[in-house]
Amino acid sequence: MSIDSVDPEDVDAADILGSAIERREDPALVTGNAEYTDDIELPNTAHMAILRSRYAHATIEDVDTEDAEAMDGVVGVFTHDDLARADTPGDVPFLIPVAWQLPSLNDVDHPMLADGRVRYQGDAIAAVVAEERAVARDALDAIDVDYERREAATSPSEALDSGASELHGDADGNVAFDWEIGDEEKTEAAFADADNVVEFEADNQLLIPNAMEPRACVADYNPGNDELEVFMTTQNPHVHRLLLSGVLGHPEHKLRVKAPDVGGGFGSKIHNYADEAIAAWAAKHVERPVKWVATRSETYLTDAQGRGHETTAELAVSDDGDIQGFRVDTKANMGAYLSTFAPAVPTWLYGTLLSGQYDIPAIHATVEGAYTNVPPVDAYRGAGRPEASFVVERVMHLAARELDMDPVEFRRRNFVDDDDFPFETEVAVVYDSGEYGKPMDEALEMVDYEGFRERQEQAREEGRYLGIGFSCYIEACGLAPSELAGQLGAQAGLWESSLVRFHPSGTVTAFCGTSGHGQGHGTTYAQIVANELGIPYEDVDVVEGDTDEIPHGMGTYGSRSAAVGGSSLVKSAEKVVEKAKSLAAHQFEADPEDVEFADGEFHVAGAPDRSVGIKDVAQQSYLAHDMPEDTEPGLEATSFYDPDNFVFPFGTHVAVVEVDPESGEISFEQYAAVDDVGNQINPKIVEGQIHGGIAQGVGQALYEGAEYDDNGSLVTGSMQDYAVPKAEHVPEMETESTTTPSPHNPLGVKGVGEAGTIAAPQAVVNAVADALEPFGVDGVEMPMTAERVWEAVNGRATADGGSEDGTADETAGGDGGER
Amino acid sequence: MTTHDITLTVNGTDHDLSVESRTLLVYALREELGYTGTNVGCESSLCGACTVLLDGDAMKSCTTLAVQADGATIETVEGLGGRDDFHPIQTGFQEEHGLQCGYCTPGMMLTSVDLLEENPNPSDEEVREAIEGNLCRCTGYQNIVNAVQNAADQMAATDGGEDVDLTREYPTGDGDDGGEGA
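As given, the protein sequences belong to chains A and B, one line each in that order. At the far end of the first sequence sits residue 830, using this note's numbering, and the numbering has no gaps. At the far end of the second sequence sits residue 170, using this note's numbering, and the numbering has no gaps.
One chain only, chain A, in its complex shape (with noise of 0.2 Å):
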């Protein structure tokens, strides 16, 4: 069901809070008038273009900056040497860190400009900074480097292989980590006694994630106060403060970094870059703002991809069908350097969720990290959660399969009961809330599944093939709280702040810590604030993505800003009322505890005719003529507010697909979509985050995937070669949605930014699967293209003699088509 969006001055102020009003970003949107990072334009602006590695994998013999810096027009030529000699107080390493730590992880150094070697193609080696964008990017080629090439290894079961050249020296055979979750011995128990043993294999491939804006920063250095003023596509303005504060050398208190509009982002803007780093550190050097703005192509070779995983499972499961044990390995891929929240993507964020929705008494799960010749591998849309996902149900599907289960009784007999909740599960977190059988139920009624069971069977006796895949996926939002986040290695507090001030005419600014690009929170969070001060919705205004007007924040990411950005606003509002609940008790000379607070205005219990409306308090609070004894004037709160604990999002998504197996052509007939995010804010912009993230998990299913020769070149290194779904790949999605909320915040939300892109590409592949089935097809390597499609059928029927009858795969799950 579509939802319709209203116009706000049509919504009475109770009915604000989950209403879908239209969003107040769009104006300046839809007329030009947004400011994105490249449309700043200050007085004197130099522009840098930077020099990236060619190869994979290279000593740096030499690089000859003198003729670039020989030509009209450039201000400078900087390369790692330059950085070493800069006039910066201090020892500063100029060395770009990593924000998450693990017992074995093997950290290694991450120059911000190549010191004599290069890993990966696109590693930074010299920066120009010239009057024009065009003569910077013209000077890059009179730079001259000579390279001595190494063996490159892009895969981590290449680098981790013994005879691979290894990237680093701090990591012996270019180990990342080693990492495991779960309880091996019991683990190892439950298999020892399963009836059955379904095996697994598969890759989760390499993606780019390819946010329309490509990244960008202008910085400008006022050399007579010492401020830095960084304009950067970010979704993480503070911790980009402190972590550009540490890599420069630049105190934090004199570095301002500020979002302006942000046009989308998918992970790629959380990490610390050495791009914006250069430029701030060029700023500084040559004394003027210097602007830079990386070419498509160079997102595809810098920005940081997601997934990379390597996979072996085992699934121990009775005769009856439950699900005894669940044994899973993964290699992943880290590239050539550890990105800022790196280490925690295929451990904690991708091991905590391999229970899915299911009752598994034993799990036990390793990973190996590895180095590798390919960019820096960090958080991409969902991060971790559809690496697991994407196991948990495949094996879920193969395991039905085995079993000769229907695969929706299997994995409904499996669920977490509803009674169960808190739920615990074998690997380290408790779920908060959820009733699993809720959105399957409904998704199986939005394909009429026992229709299609009937509609498939005529179809294959007419030679064509119908499949139907499931995904009953888990997610987790707001990582926290930060006690916890530090245990798990986290150098940073997972919290959230905000500041909310009532202004002396009544109206209020709202300053929140996270900072969308593109999710709308100048809406939502404006619909929370109104909705607990009582006011009108067009009297707040929001305030994301600058350091100097916000107290602190964590940023936009991992679907937390509503749950934790959101719930933060909460808190500051709820001082807000109790401080003005004292001012209005002083006016009427009453208790506070008498003093009753609704719809925006406070009366006396039991005397309604004596009330006073909040934004008269607020006036009140500012004249300051007549206070309460020792209360301070204005009226205004901040929050750091920690939650108690992550937030699990659910759901069921359906795709149903027909696949021609003489052409490999997979089209989609149906794609239903049921997720219980908890309570809605702004149920349209909830409908957006699912059609994008579904749009994205697509995409990964049939589509896209960062592919690089023997040499580590990239071969999908443009919008031509790698393929991000046009308006015609993407199928009509079908939304709806259940409501558990969250115990765990005040507003009872559970995030919603991933969870399309963690359901959806395993329910293609299950389709798939499920259509091919005949063909002792059990899955297909993503992207499924027609050729990999084709391969499936051809080759299996090839193996198995030709056969096409539905000869049953003996070795289900075992590397049956996966790879």
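For the record, the hints were derived by calculation from the structure and aren't laboratory data. For every residue, glycine included, the Cβ atom is placed at its ideal position computed from N, Cα and C. Hints are supplied without guarantee of correctness; some may be wrong.
Claimed, not checked - Chain A stretches covered by chain B per the calculated footprint, using a threshold of three residues with CB under 8 Å from any CB of chain B:
(1) 23 to 36
(2) 267 to 277
(3) 528 to 541
(4) 722 to 731
(5) 738 to 746
What the hints assert, rightly or not - No farther apart than 16 Å at their CA atoms in a straight line, the calculated lysine to aspartate or glutamate pairs in the EDC-like style are these:
(6) Lys265/A / Glu238/A
(7) Lys449/A / Asp428/A
(8) Lys592/A / Asp641/A
(9) Lys586/A / Glu607/A
(10) Lys737/A / Glu113/B
(11) Lys737/A / Glu117/B
(12) Lys592/A / Asp602/A
(13) Lys592/A / Glu640/A
(14) Lys449/A / Glu420/A
(15) Lys449/A / Glu747/A
(16) Lys737/A / Asp112/B
(17) Lys737/A / Glu114/B
(18) Lys265/A / Asp559/A
(19) Lys737/A / Glu120/B
(20) Lys592/A / Glu647/A
Given chain A's structure and the hints, the job is docking chain B onto it.
For chain B alone, coordinates are given in the frame of chain A:
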């Protein structure tokens, strides 16, 4: 560096400017004339963020040289309508939540305007085909399709009234060299 004196009529205003031979139309619009509503996403005609109407046809300004556009009439997002006088396509995008980050939106809207000018009553499939050369990473396209249909409905309902004039006359010419990708 050789420069050329050219004239561009942008959103009804004539501009005389001097550009290098290699200056791309999008940079002439953005950096010389200040029309920063037109975005650059790929500099290779593939993403469509830079789409403008050039002599009435949707055209990717990142692979059009400014000198090629000499004498042309150009419509950018700034010319569609302000916040108090939205063009139907702008209304459609807002009402249907056809945008999230907004980066692809100016180009997406101008391609849609071109479509609706040629086909005032497109099917959903025709909309999807028409915007094939414009990539969006946020929305999954469904609400963009709805937005274009919403605009088409508004136009039909107002029967070509003045404030939904999508059929204004441009000097014709085969300006579309395939850059549109549709």
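Cross-check of the supplied hints:
As drawn, the stretch 23 to 36 of chain A meets chain B at 3 residues by the rule of a beta-carbon pair under 8 Å; at three or more, the given contact holds. Against chain B, the stretch 267 to 277 of chain A contributes 5 residues with a C-beta closer than 8 Å to a partner C-beta. That satisfies the three-residue criterion, and the hint holds. Residue count for the stretch 528 to 541 of chain A with a Cβ under 8 Å from a Cβ of chain B: 4. That meets the three needed, and the coverage hint holds. With a threshold of 8 Å between beta carbons, the proposed coverage of the stretch 722 to 731 of chain A by chain B holds, since 3 of its residues qualify and at least three are required.
Counting residues of the stretch 738 to 746 of chain A whose C-beta sits closer than 8 Å to any C-beta of chain B gives 5, which meets the bar of three, so the coverage hint holds. The hinted pair formed by lysine 265/A and glutamate 238/A meets the criterion: a straight-line CA distance of about 5 Å does not exceed 16 Å. Between lysine 449/A and aspartate 428/A, the direct Cα distance comes to roughly 12 Å. Compliance with the 16 Å bound is thereby established for this hinted pair. A threshold of 16 Å between alpha carbons decides the hint, and for lysine 592/A with aspartate 641/A the separation of about 15 Å falls inside it, so the pair holds.
For the hint linking lysine 586/A to glutamate 607/A, the alpha-carbon distance of about 15 Å falls within 16 Å, and the restraint holds. A hinted pair counts as satisfied when its Cα atoms are at most 16 Å apart, and lysine 737/A with glutamate 113/B qualifies at roughly 12 Å. For the hint pairing lysine 737/A with glutamate 117/B, the CA-to-CA distance comes to about 9 Å; that is within 16 Å, so the pair holds. The hinted pair formed by lysine 592/A and aspartate 602/A meets the criterion: a straight-line CA distance of about 10 Å does not exceed 16 Å.
With a CA separation close to 14 Å, the supplied pair lysine 592/A and glutamate 640/A stays within the 16 Å bound. For the hint linking lysine 449/A to glutamate 420/A, the alpha-carbon distance of about 14 Å falls within 16 Å, and the restraint holds. Proximity of lysine 449/A to glutamate 747/A is assessed by CA-CA distance (about 11 Å); at most 16 Å being required, the pair is judged to hold. In summary, the hint linking lysine 737/A to aspartate 112/B is supported, as the alpha carbons are separated by about 14 Å, within the 16 Å threshold.
For the suggested pair lysine 737/A and glutamate 114/B, the alpha carbons sit about 13 Å apart, so the restraint of at most 16 Å is met. A threshold of 16 Å between alpha carbons decides the hint, and for lysine 265/A with aspartate 559/A the separation of about 10 Å falls inside it, so the pair holds. A threshold of 16 Å between alpha carbons decides the hint, and for lysine 737/A with glutamate 120/B the separation of about 6 Å falls inside it, so the pair holds. A hinted pair counts as satisfied when its Cα atoms are at most 16 Å apart, and lysine 592/A with glutamate 647/A qualifies at roughly 13 Å.
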